[in-house]
Amino acid sequence: MTDWLDKMLDSDAPAEVPEGFAESVMSALFSSPQIATEQPHSMPFMKASGFAAAAALMLAVGIWIGQGSKPMSAPIDVQRDAEMAAVNIDSIYANHEMLDLFDILEDDTAAGTSQTSTSATLQDVDFALKILTAEGEK
Amino acid sequence: MVDIAQGDQRAFQLLVEHYQAMVFGLLRRILGPHGAIEDVAQEAFVRVWKNREKYQAQGKFSTFLYRITYNLALNRIRDEKRKPLPMMPKFDGIEIAQRDLRSDTPEEIASRGDWAGLISWGLERLPHNQRAVLVFQHYDGFSMEEISSVTGLSSAAVKSMLYRARTNLREILQPYKDSEND
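Going down the list, the protein sequences come from chains F and A. Note that the first sequence ends on residue 138 in our numbering; no numbers are left out. Note that the second sequence ends on residue 1182 in our numbering; no numbers are left out.
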């Protein structure tokens, strides 16, 4: 059973379609060569090859970066790592000793005896370097 | 649609001629008589052509076409809402928002016996989703499931929205219903 609302809704006029609308749709579609010949779901070749080149480049970079790291599957060599750590610590201490030799004197003494203190410092460095060189050859 | 999927342009033109009135009717009621009906209708058919292979997996063509048309109409409504009102030139240093001079009052519409205009005015006052389900149900004869398929709402939500649309529209048009009988 229809009520007054349905009757009122029925009084709505149908929409007028402008003349030549279908032709305008066809013209909009097929006057543009790209839309007319475009295949659905297909990517233009140049765009696809660009993506492929980018992917290949990223893969190559990833491999190059990965080459510097240890293989993930390789077991951890505890002994070798400890030796490496010991060498690193030794070199740090060696550098520390050399840096100690470069201790800057007090400002007063430095200002007063610059020539003497410089030559003495250089001799000490030279001596330290000889020690380090001898240790390195062991 | 099989011919169209294979790129038959003549078949597509026949399809446009067959469904254009339906699309225009839907858009006029959803966007209003002053909306960009022709632009959106053209875009809807362009999208149908571009997505012609997607249709093969789906049901009725009218549902497919309506879904595209409805979504485009919603996009247009959202775009219109974001647009600021055009401002008139400054008057005494104050800009005045320009009133849409095309819209008459309901009294003016009813007084000249323009019932179609009154319906359009009333529909424009509904929220767009209520408006859409009412239009699909009353003018296109869609079932709840079909409306659900087009709008993406559940059947229960469609039913509820339809009830609210009719209640609200009844309230909006109640003062003028007797004028129709005069």
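These are computed hints drawn from the structure, not numbers from a lab. For each residue, glycine too, the CB sits at the ideal point set by N, CA and C. Mixed in with the good hints, there may be bad ones.
[Said to hold, decoys possible] Calculated from the model, a selection of chain A residues having no Cβ within reach of chain F, i.e. all distances over 12 Å:
(1) Gln1013
(2) Val1016
(3) Arg1067
(4) Glu1080
(5) Asp1104
(6) Glu1107
(7) Ser1120
(8) Leu1153
(9) Ser1155
(10) Thr1167
[Unchecked claim] Listed next, with one range per pair, are the computed distances between beta-carbon atoms:
(11) Ile65/F / Glu1080/A: 29 to 39 Å
(12) Asn1051/A / Ala13/F: 24 to 34 Å
(13) Phe30/F / Leu1074/A: 20 to 30 Å
(14) Asp1178/A / Ala13/F: 19 to 29 Å
(15) Gln1006/A / Ala13/F: 33 to 43 Å
(16) Ser1143/A / Ala55/F: 28 to 38 Å
(17) Leu1074/A / Asp3/F: 48 to 58 Å
(18) His1034/A / Ser11/F: 11 to 21 Å
(19) Gln1006/A / Ala60/F: 39 to 49 Å
(20) Arg1010/A / Ala13/F: 40 to 50 Å
(21) Arg1010/A / Ile63/F: 13 to 23 Å
For each hint, the structure was consulted:
1. Gln1013: Contrary to the label, Gln1013/A does not stay out of reach of chain F, its closest Cβ about 5 Å off (not over 12 Å).
2. Val1016: 4 Å, violated
3. Arg1067: Label holds. Min Cβ-Cβ 17 Å, cutoff 12 Å.
4. Glu1080: The assertion about Glu1080/A holds, with a minimum of 19 Å to chain F.
5. Asp1104: 16 Å, holds
6. Glu1107: 16 Å, holds
7. Ser1120: 7 Å, violated
8. Leu1153: 21 Å, holds
9. Ser1155: 22 Å, holds
10. Thr1167: Label violated. Min Cβ-Cβ 10 Å, cutoff 12 Å.
11. Ile65/F / Glu1080/A: 29 to 39 Å: 51 Å, violated
12. Asn1051/A / Ala13/F: 24 to 34 Å: 31 Å, holds
13. Phe30/F / Leu1074/A: 20 to 30 Å: 28 Å, holds
14. Asp1178/A / Ala13/F: 19 to 29 Å: 21 Å Cβ-Cβ, so the 19 to 29 Å window holds.
15. Gln1006/A / Ala13/F: 33 to 43 Å: Once the Cβ atoms are compared, 38 Å apart, the range 33 to 43 Å for Ala13/F and Gln1006/A holds.
16. Ser1143/A / Ala55/F: 28 to 38 Å: 48 Å, violated
17. Leu1074/A / Asp3/F: 48 to 58 Å: 29 Å, violated
18. His1034/A / Ser11/F: 11 to 21 Å: 20 Å, holds
19. Gln1006/A / Ala60/F: 39 to 49 Å: For Gln1006/A and Ala60/F the Cβ distance comes to about 42 Å; the hint holds.
20. Arg1010/A / Ala13/F: 40 to 50 Å: About 31 Å separates the Cβ atoms of Arg1010/A and Ala13/F, which means 40 to 50 Å is violated.
21. Arg1010/A / Ile63/F: 13 to 23 Å: 54 Å, violated
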